[in-house]
Amino acid sequence: MIEQQRDYVLRTVEERGIRLVRLWFTDVLGNLKSFAISPAEMENALNDGMSFDGSAIDGFSRVQESDVLALPDPNTFEVLPWVDPKGAEARVFCDIAKLDGTAFDGDPRQVLRRNLNNAHKLGFQFYVAPDIEYFYFDPPKVDSRPVPLDEGGFFDLTSNDITSSLRKETIRTLETMSIPVEYSFHEDSPSQHEI
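Heads up, the working numbering is the position in the sequence shown plus 636, with the first residue counted as 1.
Some hints here could point you the wrong way.
As the list claims (entries may be wrong) - In silico DSSO-like cross-links for lysine-lysine, where the CA-CA straight-line distance does not exceed 30 Å:
1) Lys777 / Lys804
2) Lys777 / Lys669
3) Lys669 / Lys804
4) Lys804 / Lys734
5) Lys777 / Lys757
These are calculated hints, taken from the structure and not from any lab test. Owing to the predicted nature of the structure, the values given are computational and were not obtained by experimental measurement.
Sequences and hints are given; from them, build the entire structure.
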């Protein structure tokens, strides 16, 4: 199965004219980190990983043991739909490993995997779903406060305004990336929305 997904990634990079592949991972605080590779490096990255200086990432390594590997997980590969098609980009989440390929204990994906395995052994099931709440504002002006784009409230029907259009576009973008959306609505505050 992993071989099929690996082949899919390489084929998609070529067929879609991907110019950059962003290797995503998080530090121990959950902050998203990234570096980009060219399509020519993708096969090597999938086979052997890409080394980088882990001492620059919070909680990863000390300077004297700095290099770590980013191992792309081909099951997380997605073309980024908001990028100009002429400069198409993709992203793939990575596991972080030591240079010898063994798991790095400080990798948040490894920590989660280990804890889920322990919970499963105890008979627990893990369920998770995001509750995304956010605001839309007018483009900022110098030295100004954020200006809401609507005055709606909780569950208000705001079908013909810019924020409804923006929310629909956000949902379409999520679905393009195979992220299912159960529902969306206007939240309590002006310009506040939930997916």
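For this session: Take a quick look at whether Lys804 and Lys734 sit within 30 Å of each other, Cα to Cα.
Result: This hinted pair is violated, its Cα atoms lying about 42 Å apart.
For this session: Please work out if Lys669 and Lys804 have their alpha carbons no farther apart than 30 Å.
Result: It holds: about 28 Å lies between the C-alpha atoms, which stays within 30 Å.
Problem set entry | Straight-line alpha-carbon gap Lys777 to Lys804, limit 30 Å | holds, 26 Å
Problem set entry | Lys777 paired with Lys757 [C-alpha distance capped at 30 Å] | Since the Cα atoms of Lys777 and Lys757 sit roughly 54 Å apart, the hinted pair is violated (cutoff 30 Å).
Exercise. Between Lys777 and Lys669, does the CA-CA distance stay at or below 30 Å?
Worked result: Holds, at roughly 29 Å.
Checked against the numbered hints listed earlier, the structure breaks hints 4, 5; every other hint is satisfied.
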